[in-house]
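Here the protein sequences come in this chain order: A and B.
Okay, so the first sequence: first residue is 1 according to the numbering used here, each after it adds one.
Okay, so the second sequence: first residue is 1 according to the numbering used here, each after it adds one.
Fair warning: there could be bad hints in the mix.
As the list claims (entries may be wrong) - Each computed PhoX-like pair below joins lysine-lysine, with the alpha-carbon atoms no more than 25 angstroms apart:
| hint | chain 1 | residue 1 | chain 2 | residue 2 |
| --- | --- | --- | --- | --- |
| 1 | B | K37 | A | K216 |
| 2 | B | K134 | B | K99 |
| 3 | B | K154 | B | K134 |
| 4 | A | K143 | A | K182 |
| 5 | B | K145 | B | K134 |
| 6 | A | K87 | A | K217 |
| 7 | B | K99 | A | K182 |
| 8 | B | K34 | B | K158 |
| 9 | B | K158 | A | K150 |
| 10 | A | K150 | B | K154 |
| 11 | A | K167 | B | K85 |
| 12 | A | K216 | B | K112 |
| 13 | A | K217 | B | K158 |
| 14 | B | K34 | B | K112 |
| 15 | A | K150 | A | K87 |
| 16 | B | K34 | B | K134 |
| 17 | B | K37 | B | K145 |
| 18 | B | K154 | A | K142 |
| 19 | B | K112 | A | K217 |
| 20 | B | K154 | A | K217 |
| 21 | B | K158 | A | K216 |
| 22 | A | K202 | A | K87 |
| 23 | B | K154 | A | K143 |
| 24 | B | K154 | A | K216 |
Calculated directly from the structure, the hints in this document are not laboratory data.
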Amino acid sequence: MSETISDNEQNVEPVVSSAGINRRLFIAAASLALALLVGFLFSRYSAYRNVQESFYGQALVPAQEAFDFHLVDQDGNPFRLSQLRGKVVLFSFGFTHCPNVCPTTLSDLAKVYHSLPENDLQRVQVLFVSVDPRRDRPDVMKKYVPYFDKSFIGLTGSEPQIAEAAKAYGAFYEIAQDSAEKPDNYSVNHSAFTYLITPSGKWKLIYNFDQLSDPKKIVQDIEQALREPF
Amino acid sequence: MKRSWKFNIHCFLLTLFALSASAQPVVPDNSPLKIEKAWIQAVPEVSDATAAYMRITNLSASPLRLTDAYSPVATTVEPMITTRKAHDGQEIMGMQSVKELLIPPGSSLELKPGGDHLMIMGLSVHPNEGDLIKLTIRFAPGEQKFDLEVPVYKEEPK
Chain A
1 MSETISDNEQ NVEPVVSSAG INRRLFIAAA SLALALLVGF LFSRYSAYRN VQESFYGQAL
61 VPAQEAFDFH LVDQDGNPFR LSQLRGKVVL FSFGFTHCPN VCPTTLSDLA KVYHSLPEND
121 LQRVQVLFVS VDPRRDRPDV MKKYVPYFDK SFIGLTGSEP QIAEAAKAYG AFYEIAQDSA
181 EKPDNYSVNH SAFTYLITPS GKWKLIYNFD QLSDPKKIVQ DIEQALREPF
Chain B
1 MKRSWKFNIH CFLLTLFALS ASAQPVVPDN SPLKIEKAWI QAVPEVSDAT AAYMRITNLS
61 ASPLRLTDAY SPVATTVEPM ITTRKAHDGQ EIMGMQSVKE LLIPPGSSLE LKPGGDHLMI
121 MGLSVHPNEG DLIKLTIRFA PGEQKFDLEV PVYKEEPK
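Just chain A, same shape as in the assembly:
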């Protein structure tokens, strides 16, 4: 069919014919490229939609390599996030003198932990990182964090160590000093997110404070994270 057309064209004007073939080739190539592009975009969109639909937490697409923080655990030993490879890690930043947001976060995370199927308990670790290292020494963390569940680990560290960890996860905190007369009597304003790290050490999800009140949905995310890769 195309030969017939090109023959006809050849009869009329050979120069136009060669230009015509080039044009057709160009159109075919362009169509193919366009089809590939549309297909590619559609597949990315589907992947994006799947991720959006299947996680309750806000998903990082793609998941990032989780920053391997160096902190100090509640027994005073050095602690690195990478020690927990093979487990889903949930952690948040806070401070022990916090009467409202932090005990709520930890009791919500305890609810999540207690809602997990028994054989997943060993594969999930909850951490609480202090943004108030001046008052929250390891012994304080030990008396505070395991209260919510005995498996939970409290982390503290030097100010630069904590600043580095907070920065890597985009967490913010600032000392709110009420009075200069009582230097130990201060509050800490802070972002109240909970971060989910996958067993392979990918930072995959973020929960805001309000989302933590639905433990069942977080358990579903954890189950899914345990089945990595997605």
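Guided by the hints, dock chain B onto chain A, whose structure is given.
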């Protein structure tokens, strides 16, 4: 005779009041407000502060203001608001002591985790799950005072 009849009625009402007072939280029937779902967050012994949560409904036709609170287990109890401000596109939560919390007529004030609350500071007695903590809340106008016995929970009761 007339006087004694009135006296009897008073005795009867007082008895009723005393009976209703044995249930907690204690709010008299003719009260301009209703207090429900009161609870205190159980915290580890190392904590010197916790928070009380509840729903307070203003049944009267005029605004009420929660001005003050007191508990024998703490040095101070302060009304607080939780602040949520944006910083680099994320939400920073903090808290701020306020002079009073307003409850418009017919509305409820929800004291809840992550929101307004009564901060209980300088704990002298450690509140354990299952304990009942005495808490007195004062409202304006007038010197309206309500004594509650608030249960302590480790996790928010649903």
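Checking against the hints above, which ones are violated? Result: no hint breaks.
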